[in-house]
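Number of protein chains: 2
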Amino acid sequence: MLNFNYYSPTEFVFGRGAEERAGEMIRKRGGTKVLVHFGGGSAIRSGLMDRVTASLDAAGLPYITLGGVQPNPRSSLVYRGIELARAEGVDFILAVGGGSVIDSSKAIALGVPYDGDFWDFFCGKAKPERALGVGVVLTLAAAGSEGSKSCVITQEDGGFKRGCGNELNRPKFALMNPEVTYTLPAYQTACGATDMMAHVLERYFTNEKGVDLTDRLCEAVLSAVIKAAPVAIAEPDNYEARAQLMWASTLAHNDSCGLGREGDWASHQIEHELSARYDVAHGAGLAVVFPAWMRYQLDHDPMRFAQLAVRVWGCDMDFEHPEKTGLEGIERYEQFLKSIGMPTRLGELHVDPADIPAMAGKCKRNNAGKLGFFRPLDTGDIAKILYSAM
Amino acid sequence: MLNFNYYSPTEFVFGRGAEERAGEMIRKRGGTKVLVHFGGGSAIRSGLMDRVTASLDAAGLPYITLGGVQPNPRSSLVYRGIELARAEGVDFILAVGGGSVIDSSKAIALGVPYDGDFWDFFCGKAKPERALGVGVVLTLAAAGSEGSKSCVITQEDGGFKRGCGNELNRPKFALMNPEVTYTLPAYQTACGATDMMAHVLERYFTNEKGVDLTDRLCEAVLSAVIKAAPVAIAEPDNYEARAQLMWASTLAHNDSCGLGREGDWASHQIEHELSARYDVAHGAGLAVVFPAWMRYQLDHDPMRFAQLAVRVWGCDMDFEHPEKTGLEGIERYEQFLKSIGMPTRLGELHVDPADIPAMAGKCKRNNAGKLGFFRPLDTGDIAKILYSAM
Numbered sequence: 001m002l003n004f005n006y007y008s009p010t011e012f013v014f015g016r017g018a019e020e021r022a023g024e025m026i027r028k029r030g031g032t033k034v035l036v037h038f039g040g041g042s043a044i045r046s047g048l049m050d051r052v053t054a055s056l057d058a059a060g061l062p063y064i065t066l067g068g069v070q071p072n073p074r075s076s077l078v079y080r081g082i083e084l085a086r087a088e089g090v091d092f093i094l095a096v097g098g099g100s101v102i103d104s105s106k107a108i109a110l111g112v113p114y115d116g117d118f119w120d121f122f123c124g125k126a127k128p129e130r131a132l133g134v135g136v137v138l139t140l141a142a143a144g145s146e147g148s149k150s151c152v153i154t155q156e157d158g159g160f161k162r163g164c165g166n167e168l169n170r171p172k173f174a175l176m177n178p179e180v181t182y183t184l185p186a187y188q189t190a191c192g193a194t195d196m197m198a199h200v201l202e203r204y205f206t207n208e209k210g211v212d213l214t215d216r217l218c219e220a221v222l223s224a225v226i227k228a229a230p231v232a233i234a235e236p237d238n239y240e241a242r243a244q245l246m247w248a249s250t251l252a253h254n255d256s257c258g259l260g261r262e263g264d265w266a267s268h269q270i271e272h273e274l275s276a277r278y279d280v281a282h283g284a285g286l287a288v289v290f291p292a293w294m295r296y297q298l299d300h301d302p303m304r305f306a307q308l309a310v311r312v313w314g315c316d317m318d319f320e321h322p323e324k325t326g327l328e329g330i331e332r333y334e335q336f337l338k339s340i341g342m343p344t345r346l347g348e349l350h351v352d353p354a355d356i357p358a359m360a361g362k363c364k365r366n367n368a369g370k371l372g373f374f375r376p377l378d379t380g381d382i383a384k385i386l387y388s389a390m
Numbered sequence: 001m002l003n004f005n006y007y008s009p010t011e012f013v014f015g016r017g018a019e020e021r022a023g024e025m026i027r028k029r030g031g032t033k034v035l036v037h038f039g040g041g042s043a044i045r046s047g048l049m050d051r052v053t054a055s056l057d058a059a060g061l062p063y064i065t066l067g068g069v070q071p072n073p074r075s076s077l078v079y080r081g082i083e084l085a086r087a088e089g090v091d092f093i094l095a096v097g098g099g100s101v102i103d104s105s106k107a108i109a110l111g112v113p114y115d116g117d118f119w120d121f122f123c124g125k126a127k128p129e130r131a132l133g134v135g136v137v138l139t140l141a142a143a144g145s146e147g148s149k150s151c152v153i154t155q156e157d158g159g160f161k162r163g164c165g166n167e168l169n170r171p172k173f174a175l176m177n178p179e180v181t182y183t184l185p186a187y188q189t190a191c192g193a194t195d196m197m198a199h200v201l202e203r204y205f206t207n208e209k210g211v212d213l214t215d216r217l218c219e220a221v222l223s224a225v226i227k228a229a230p231v232a233i234a235e236p237d238n239y240e241a242r243a244q245l246m247w248a249s250t251l252a253h254n255d256s257c258g259l260g261r262e263g264d265w266a267s268h269q270i271e272h273e274l275s276a277r278y279d280v281a282h283g284a285g286l287a288v289v290f291p292a293w294m295r296y297q298l299d300h301d302p303m304r305f306a307q308l309a310v311r312v313w314g315c316d317m318d319f320e321h322p323e324k325t326g327l328e329g330i331e332r333y334e335q336f337l338k339s340i341g342m343p344t345r346l347g348e349l350h351v352d353p354a355d356i357p358a359m360a361g362k363c364k365r366n367n368a369g370k371l372g373f374f375r376p377l378d379t380g381d382i383a384k385i386l387y388s389a390m
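One line per chain: the protein sequences are A and B, in this order. First residue of the first sequence? That's 1 in my numbering, and the numbers climb one at a time after it. First residue of the second sequence? That's 1 in my numbering, and the numbers climb one at a time after it.
Bound conformation, chain A alone (with noise of 0.2 Å):
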């Protein structure tokens, strides 16, 4: 078990109504100038905008409004939400959504601060020091964001899809109301649960020994996600099913799941190059990548991938073969993302194999040249895993 350092000063607010909170816990917190940040009009449909702005009305809370942030958030609407903020005088970001929102506003509130250009944080150029607070009403069970010291953005000049973690990202509250993501669609709720399965995975693949405590963590995740998701979609108002997602979401991206160890983000990276490449739903994109990765990977570490195989999906342990029962896992795996409507090949994303060269090729490496911490791929595994997926 490696040293860990866990830090998580995020303020929870979880059930009914939190969402009547915000303007409270703003002041709580010393804001005076509120940017209020979300993506399309369904924040304005369903009525959330409104009951969030009149809880800061109530506090007395002047505030500004931007929309517009789309899934892969870009960097224009970041550059334009730092020159508002600045403009505005504002001192405190409220994101209202899901994992897209919370990182523009992330972004934001490393930029306002920030003398040189904000992407300097995300291409290694700087590291923050400082940035604004940033709360949270939360929308979708899906990137961990709301608890999470990470935020990923993409440069549109050039298609880079770059992340920065950093402990001033953690956000300062999140409001999570499991009912304000009853009107979210089948295929969006299956995306989220796609991602904060991925997001355990990617703790739970690593090389690290004496990790047994948090293997159980990542399992218990794992196995609440796998039995509440296909309930969500089949009833979309099922409170219980929506709320076992929305801590789930919080869970698999908080850290808690990877202390201690080394996590692998291969098949994060990978994804990052075909959704900044194709615009594709990060779940969607994560559900071709992860198995794929997994069975090139499947002899790294047979027992771990038989480990998961019996204690998440139910397989009976073939001690003669446990790699045929890791194998089993990976299956099952596949076949639970299809049943909830995910994609598991890269044609259904219409991605051109001729463009697979060129991915491998961007795909961020880490310190050693490599991808990724399980067992490092180079370009041609990568091109391996994505020819596999075709």
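Possibly wrong hints are sitting among the right ones.
When chains are identical, the list treats them as one kind, so a pair holds in a single copy or across two.
[Unchecked claim] Calculated lysine-lysine pairs in the BS3-like style (CA-CA distance at most 30 Å, straight line):
no. : residue 1 : residue 2
1   : K209      : K338
2   : K384      : K172
3   : K28       : K125
4   : K384      : K227
5   : K28       : K127
6   : K149      : K127
7   : K127      : K172
8   : K127      : K33
9   : K33       : K227
10  : K324      : K33
11  : K362      : K227
12  : K209      : K125
Hints are computed from structural coordinates only; laboratory data are not their basis.
We have chain A already, so just place chain B on it with the hints.
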């Protein structure tokens, strides 16, 4: 699933050498004069106290020390600590120890800025509004006080053992080096494991439905403790086993396993009467009380007991007679406790059966005048449970 609010702003520094960061961590939080609070001489003999005070010296932090905390920490030392801290202008308390030292430190931290008697917070006469900061160098994996909002003190005048749960009690940081627990005797290691299992089980036995995710988190922590405890007892310097136990102690009681549900807590209250009267180790008392409580409550919800038996104890599900599976789980739990050297009968704790009615009558009740929430108990029930454990 109930609404919940979860805020755990403790910074956890976990791993080898963590204790050497005490000075830096207090500085970061603005502390200028420290009371180092500890128990017996083991922290001094092992060299731990030297490493901790060296780190305070290196950070230029003046400090005073106050040792002598006993298991089931006493109000008399809390009063002394409050006086001392006031006289010396202390603004930060550093607890070097386990749950008793941490709770004593928390009580001092509550008492220093309060005009009245700190016991007001423990007998329900007042609610704390301020507290000094508390940091922890953990030496014992058990009570989980390093991450919890709880604090339990024994008032010697009357033998009352009472708790004060408040968000102000959460430590600012916890430095957790599994190596410092290598010297713990097997009995204390086992008491610690029993205590953390009890913290999870108190939350597990709930009437709340739709809590699949937190059920599974509970099961994950229990399973990890069941695996690690015998290893740590057989090989006291097994880093990985000590590390699982240390982190499990935090997760068992920082409330992550209890979100969205109402726990029971009757067994803890019954045990408090035992340890207030006989001064037995908290874990040993729980090892006797909890299985007896479970047998008494089995028929209230046999399926919940069966779920625990199957998922945690690996029992075969008896689909015709789930209560038999539930009972088998209780028996396995008891066997496990015996196997790690815990008592499971009141006789082993030298309890006089003539004391049972008085202890049963003295247990702290909830607002409805009953004890616990799973199936609330009256005095007669509590006495029956205690007699069944003789």
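Status of the hints after comparison with the structure:
no.	hint	in the structure
1	K209 with K338	between (32 Å within a copy, 29 Å between copies)
2	K384 with K172	neither (42 Å within a copy, 48 Å between copies)
3	K28 with K125	between (34 Å within a copy, 27 Å between copies)
4	K384 with K227	neither (32 Å within a copy, 39 Å between copies)
5	K28 with K127	both (28 Å within a copy, 20 Å between copies)
6	K149 with K127	within (14 Å within a copy, 34 Å between copies)
7	K127 with K172	both (20 Å within a copy, 25 Å between copies)
8	K127 with K33	within (26 Å within a copy, 33 Å between copies)
9	K33 with K227	neither (42 Å within a copy, 52 Å between copies)
10	K324 with K33	neither (58 Å within a copy, 61 Å between copies)
11	K362 with K227	neither (36 Å within a copy, 43 Å between copies)
12	K209 with K125	neither (34 Å within a copy, 50 Å between copies)
Against the hints set out earlier in the document, violations occur for numbers 2, 4, 9, 10, 11, 12.
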